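Student: Residues per chain are reported as follows:
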Amino acid sequence: MSPLAKLLEAALFAASRPLTLAELASLEPESGDAALRAALTELRAAYGDDHGVELVEIAEGWQFLTRREYAEVIDRAQFALRPRRLSPAALETLAIIAYRQPVGRVEVDEIRGVDSGAVIDKLLERGLVEIVTRGEGLGRPLLYGTTPQFLEILGLKDLEELPRLEELSVALRPPTPAEEPE
Amino acid sequence: MNTPPPVVRDQSGFVIELEQFSGPLDLLLHLIHEEEVDITDLPISKIADQFLAVIGDLGLNQAADYLEMAARLLRIKAQMLLPRRLGDDEWEDPRAELVRRLLEYQQIRELVDWLARAAAVRAERFGRGYEAPPPDAPPAPLQIDLNDLLAAAERVIALIPEPMLHRVVPRPLNVEGALEKIHALLAERETFGWSDVVGPGATIVDVLSAFIALLELAKRGTLSLAQPEPFAPMVIKRESPREAA
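Sequences listed follow chains A and B, in order.
Each residue of the first sequence is one higher than the one before, starting from 1 at the first, in the working numbering.
Each residue of the second sequence is one higher than the one before, starting from 1001 at the first, in the working numbering.
These are calculated hints, taken from the structure and not from any lab test.
The model shown is predicted, which means the values in this text are computed figures rather than measured ones.
Just so you know, even glycine gets a beta-carbon here, dropped at the ideal spot from N, CA and C.
Do not rely on the hints blindly, as some may be mistaken.
What the hints assert, rightly or not - Chain B residues, not near chain A, derived (Cβ > 12 angstroms throughout): (1) Pro1094; (2) Asp1113; (3) Ala1153; (4) Ala1184; (5) Gly1193.
Said to hold, decoys possible - Listed next, with one range per pair, are the computed distances between beta-carbon atoms: (6) A/Pro163 - B/Pro1094: 56 to 62 angstroms; (7) A/Lys122 - B/Gln1020: 18 to 24 angstroms; (8) B/Asp1038 - A/Glu110: 22 to 28 angstroms; (9) A/Ser2 - B/Arg1117: 51 to 57 angstroms; (10) B/His1030 - A/Thr41: 32 to 38 angstroms; (11) B/Ser1224 - A/Gln78: 24 to 30 angstroms.
Given the sequences, and given the hints that come with them, work out the whole structure.
Tutor: As structure tokens, then:
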């Protein structure tokens, strides 16, 4: 492996979270973006099928993760525990916030048809959503958006990886069916 | 307009559990699928009756969200009954807004399935330095009603003579004194109870001092505290003496 790939390997091993491209670039600023990407590709290839861990692109960064086939064994041995599953209410709220962000509580309540304050508080606590800004409307409501932690628990590179709404089987008119000019 | 009380139809006994629904829209979608009707051409009268029957059955009448939906359904049902002129272009389907919300909600449900699958796949990979989520709180030990709680509070309060709220006490807590007393008890007996420590006629200061002393000794491992059931008398037990020199 190239020296840069080895350096990246060391850094990614030491960190216990995904490291972004910018963070990895800061290790050796003079090597440049192209060299960095090439080194990452090299490192990922080095951890091909011959290893129990692999280099995964996740949450706008890179991280070493164990391969899926070892999940059962590791889980059973309790060396690491799988995270607790999110409730349907939490997932509904996350879905709405992910697609409508920045979005206020009232809109989430409206779409779900139930009060979502407590659910949003829990998501804030778990770091899956955050307050992004304040809205323009009455009382300048808090507006929420998703965090990198949200991408991480779903194993997504970025929000682009979420299914596009038009790919879903339920077709829907635009969110605000206001007067559409002909 | 008078609506007849909702008729509970015998739906070949399918049981609906409130827990499985995350709200009125979810319940409504379930009914629509159950009835296999077209969501965009909702037989509102039928669905409204079903909805009312179900929430009546479930005793959900306290749940404002469900009630609000019930009211909305009845209003739409009434609007559908109003006569309208043929070829009236101005007529707006009173169901339109509900149908839009249902479709939107259905879309969210589909996304929920997608997110749940993605999270399940992600959960099969572990990163370094993974910290397990804190263990869930122990299974709620306190299953009590208000009377138990009040009775327990009364028992504690009954031991305390009239509190002197206006007197300023120079040294409010006497933890050292309580520690001595507990040590004396420990020397005598292996187990004893809370009432041995505070005795009748203890002041609120005595109670607090004794309690803090007990916690302190429990922390040091000198004794262990147990309470067989909620509000039962505390059992204090001497621990094997292996105090550091």
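Student: Against the structure shown, which of the earlier numbered hints fail to hold, in ascending order?
Tutor: 2, 6, 9, 10
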